[in-house]
Amino acid sequence: MSTFTIGGMVSTFRDRIQGSSQGVADIWELTLSVLLPDEPNWITMLSQVTTKHGIHVPLGGQAIIDVVNGPGSGTLVCGLGTTTAILTSLNRNEYLPRHQSLATAQFLILDAWVP
Amino acid sequence: MPPLLVRQVTCEVRVNDVLLTDVISAKGEVQVDGGWPTCSVVVRDSPVSAGATDAHLTVDAGATVTTLVTRFNGRLRKIKPTGFPRGIELSCMGTLAYANEWAPDLDLEFEDLFPDGATDQELVAHALNMVPQLGSGFSAGDFSGRGVVLGLEMPEAFNWNKGTSAWSRIQEIDKATLYRTYQTRDGSIKRVKMIGHPNSTPDFTLGPADCLEGSVGSRDTERTRNAAVVEGVNYAKDGPARGFAYGANAFQGSGDDPTTRYPSKYSSNLIENGLDPDDDPLDNLGLDAMVIAAEILPDVNKEFVEATIPSWRDDVHGPGLTCLLDMLDRLKIGEPMWVVRYQWEVTEKGWIATYGMTGGGLPQTYTPPEV
Numbered sequence: 001m002s003t004f005t006i007g008g009m010v011s012t013f014r015d016r017i018q019g020s021s022q023g024v025a026d027i028w029e030l031t032l033s034v035l036l037p038d039e040p041n042w043i044t045m046l047s048q049v050t051t052k053h054g055i056h057v058p059l060g061g062q063a064i065i066d067v068v069n070g071p072g073s074g075t076l077v078c079g080l081g082t083t084t085a086i087l088t089s090l091n092r093n094e095y096l097p098r099h100q101s102l103a104t105a106q107f108l109i110l111d112a113w114v115p
Numbered sequence: 001m002p003p004l005l006v007r008q009v010t011c012e013v014r015v016n017d018v019l020l021t022d023v024i025s026a027k028g029e030v031q032v033d034g035g036w037p038t039c040s041v042v043v044r045d046s047p048v049s050a051g052a053t054d055a056h057l058t059v060d061a062g063a064t065v066t067t068l069v070t071r072f073n074g075r076l077r078k079i080k081p082t083g084f085p086r087g088i089e090l091s092c093m094g095t096l097a098y099a100n101e102w103a104p105d106l107d108l109e110f111e112d113l114f115p116d117g118a119t120d121q122e123l124v125a126h127a128l129n130m131v132p133q134l135g136s137g138f139s140a141g142d143f144s145g146r147g148v149v150l151g152l153e154m155p156e157a158f159n160w161n162k163g164t165s166a167w168s169r170i171q172e173i174d175k176a177t178l179y180r181t182y183q184t185r186d187g188s189i190k191r192v193k194m195i196g197h198p199n200s201t202p203d204f205t206l207g208p209a210d211c212l213e214g215s216v217g218s219r220d221t222e223r224t225r226n227a228a229v230v231e232g233v234n235y236a237k238d239g240p241a242r243g244f245a246y247g248a249n250a251f252q253g254s255g256d257d258p259t260t261r262y263p264s265k266y267s268s269n270l271i272e273n274g275l276d277p278d279d280d281p282l283d284n285l286g287l288d289a290m291v292i293a294a295e296i297l298p299d300v301n302k303e304f305v306e307a308t309i310p311s312w313r314d315d316v317h318g319p320g321l322t323c324l325l326d327m328l329d330r331l332k333i334g335e336p337m338w339v340v341r342y343q344w345e346v347t348e349k350g351w352i353a354t355y356g357m358t359g360g361g362l363p364q365t366y367t368p369p370e371v
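So the sequences go chain by chain: A and B.
So in my numbering, the last spot in the first sequence is 115, and the numbers never skip.
So in my numbering, the last spot in the second sequence is 371, and the numbers never skip.
It should be emphasised that the hints constitute simulated quantities derived from the structure, not laboratory data.
All C-beta atoms, glycine included, are put in the ideal place defined by N, C-alpha and C.
Accuracy of the hints is not assured; some may be wrong.
[Claimed, not checked] Partial pick of chain A residues on the chain B-facing surface, computed with a CB cut under 10 Å:
(1) LYS52
(2) GLY60
(3) GLY61
(4) ALA63
(5) ASP66
(6) ASN69
(7) SER73
(8) THR75
(9) GLY81
[To be verified] Below, in silico cross-link-like pairs of lysine-lysine (DSSO-like), each with a Cα-Cα straight-line distance of 30 Å or less:
(10) B:LYS27 x B:LYS349
(11) A:LYS52 x B:LYS27
(12) B:LYS190 x A:LYS52
(13) A:LYS52 x B:LYS349
Bound-form chain B, shown alone (with noise of 0.2 Å):
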């Protein structure tokens, strides 16, 4: 028997910068769906005064000094005691999360605010601005996107309604341009693209050696299409900017053909270039519903592999990141995966993290983006 791994558990939670004497247990999670990361710590006495949330708490943990980091940054957002035995968990949540709880009491028209257009990343940091609790320091410049002036073709489908979060209205221009937003584990908010799975060398891999108990995989295709279709906003007089790929798989036969076409249909009225209902290009400025559809095809004209992975192992992970989950013994999977949720937990029981993948579908190129 080899000399065994040995691993000194460190969990260290500060509440408005004073560090908790009586953690029990703490647990967190970064995922790209939900935007903002969640923790959850169980003490047991409240570190604040009754009424006295939405204090600053973050949590640096690990099970070796190296990786001892911050694992979660956010504000304190309930507090649930328990009688007995006696606990408190004090429940928290990334600063994201209040862009979710903000909405403009009045509509704002799109043209007063952007008179000459503007990009995905300029809508994503004003609408983060706008959120009283962020800050206003967010620049188009903070984020990753597709850099295309939006806004000059049809506005009025870009204006923003009163009583939409500012969440919300993220998510649409996420959805318009197959971005997603989400707040890291240090409380930074970042944006990436996923779609298929990346052709570059993965971030890090997984093997049986660092998989628990509990590790599962699937792959289906139960979701899968041979055609993307896209539908943008809709012109009157022109009907709705239009845009299709077509593929082919071996069990559905090529999307070309009407007959065996399975189609993926896709709706943003924030797309405002494509083709006319008769096939002809609208040549608009803005979002191309062809472009779009051609991303989409490829993340869904596959076979789709997903896994959920409990591991020991306490690196600095996060969504986005790619994964070569090298399980093809055990789980039929041994390819690049995307993460997109990334859990961590310290208990009695030590340290274990887990993550959610997802890939499948033709590589793609992809940077890494900061975890």
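Isolated chain A (complex conformation) (with noise of 0.2 Å):
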């Protein structure tokens, strides 16, 4: 099982390699497709996502990120590895048997991690 945890909360899910992707730009982006085991986590989750944010990039050196509204960063733990990442939207896909949810988390990466 993967998590997402930001302090005391902690979201509990499986992440799927069909769906997931990378992208890479100022920050880098991890689109992971994921499948929540039930409506708890479901609920969690969308308490851990950061609605509003703001990237600035300075003309030299590292990108900051301002977390206007949400919780900002947390620890993920994927089959990629442990980083810290800033949940940035999270759409629910597919409603499943058994409460069960197939979902589309987008994370932005915060350390350095090439998986």
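Put the complex together from the two separate chains, hints included.
Structure, rendered in structure tokens:
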């Protein structure tokens, strides 16, 4: 199982290869296709979404992320490894039997991390 | 890739000490030339009933806990609602703006007010104390200034004519003395002197790692002058008090030579001393046109350097501070600059500060003001 933890809030899910992707820009992005095992984990993960953020990219040096609305960064443990990340969006794509959900979670990756 | 900096942006707006919970964005500005700080807050609903403008409004904002400080302290002066999407802009100003709105209804004779003359600090304090909304607690000790007793030679030049606002009065005094009066982010009223550029250690540095897209600079010699000519009060018999200072630069030559002189002219009726038309000293009291000319010269006999720098930094900065703008590579500027304007904004894109800076000229000593 994979987890995303902010403070004492832990959401648990299974990440899937199909539907997951990576992108490289000023800040690395990771899109995970996730299988949420039940409704409480979906609700927990919803509360972990940072709905508003700004990215400043100075002319030299590293980018800065301003968290405007939402809990900000947490620890992401998934099949690719462990890193610090911000969950910026969460879309439930498919409702499955036994209260499971298939969703797409977009993360900004904050650590040096090349899986 | 090293770990990124993640900041939590906070913006707390209070109207009459009540915290607003529906703030969409806020931005503000402090600049020396404008005098008072301004602030614009966008909310979903008006926190005050119709006609209840003039409420006390404060904004505490920052992108880290340690920089969550008061960014604005003033009055709500205008409400601008928008029908769709629903929102209301609260337009606010520092209380010094009242000085621009109040003017005496009678001529105020200087000799009646100050029979023994007054310093520039006393005159500024007096003008502020006359504005009802500002209270009457200002004293000369609150302000920087020249400390020269004025109005002993030509007191009528210092009369305060009816209809002239308190702010215009202060600007006249500031112009004559080369000081600038302004209000800081927290509502304090300060006076600073900004001529040339400082030779002390800069208060802070901005480099490429601090500056965002949109940073621009300029260097020009269009306003460069190799001579400063000052004209003071006009004594009918002796003519105006005069002063001059001549310099030289590589492309204009020497201001000492009338054929290559590019004069910058400056006049103020509050300058009482200097030279007579025969270039003999008047030996008067008060501000000396020669001293003023000597101080103006390094501010005009220079390459004019200006910059506008957006930055992610959320330090407690403001006008009057000096900044080493270390951007020689990109902006062709790598020297100390005055901060003349400081803007900040908190929006859905986070925190952005924009510095307006000016520089050039010969180094001058200075003491950093409060911001």
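With a cut-off of 10 Å on the beta carbons, see whether A:SER73 makes it to chain B. holds, 5 Å
Would you check whether A:ALA63 satisfies its interface hint, that is, whether its CB is within less than 10 Å of any CB in chain B? The hint holds - A:ALA63 has a Cβ within 10 Å of chain B, the shortest such distance being about 6 Å.
May I ask you to test the interface hint for A:LYS52 with respect to chain B, counting a Cβ-Cβ separation under 10 Å as satisfied? Since the shortest Cβ distance to chain B is 5 Å, the answer is holds.
Taking the least C-beta to C-beta distance, is A:ASN69 closer than 10 Å to chain B? holds, 8 Å
Taking 30 Å as the top limit, are the C-alpha atoms of A:LYS52 and B:LYS349 close enough? holds, 8 Å
Return the status of the interface hint for A:GLY60: holds when the least beta-carbon distance to chain B is below 10 Å, violated otherwise. With Cβ-Cβ at 3 Å, under 10 Å, it holds.
Close enough to count: is the Cβ of A:GLY81 nearer than 10 Å to one in chain B? Violated - the Cβ of A:GLY81 stays beyond 10 Å from chain B, reaching only about 14 Å at its closest.
Given hint B:LYS349 paired with B:LYS27 - CA-CA distance at most 30 Å: holds, 12 Å
With chain B as the partner, please determine if A:ASP66 meets the hint condition of a C-beta pair closer than 10 Å. holds, 3 Å
For the hint on A:THR75, just tell me whether its beta-carbon gets within less than 10 Å of chain B. violated, 13 Å
Interface hint for A:GLY61, Cβ within 10 Å of any Cβ on chain B: holds, 3 Å
Given hint A:LYS52 paired with B:LYS190 - CA-CA distance at most 30 Å: Not satisfied, since the Cα-Cα distance of roughly 38 Å exceeds 30 Å.
Of the numbered hints listed earlier, those contradicted by the structure are 8, 9, 12.
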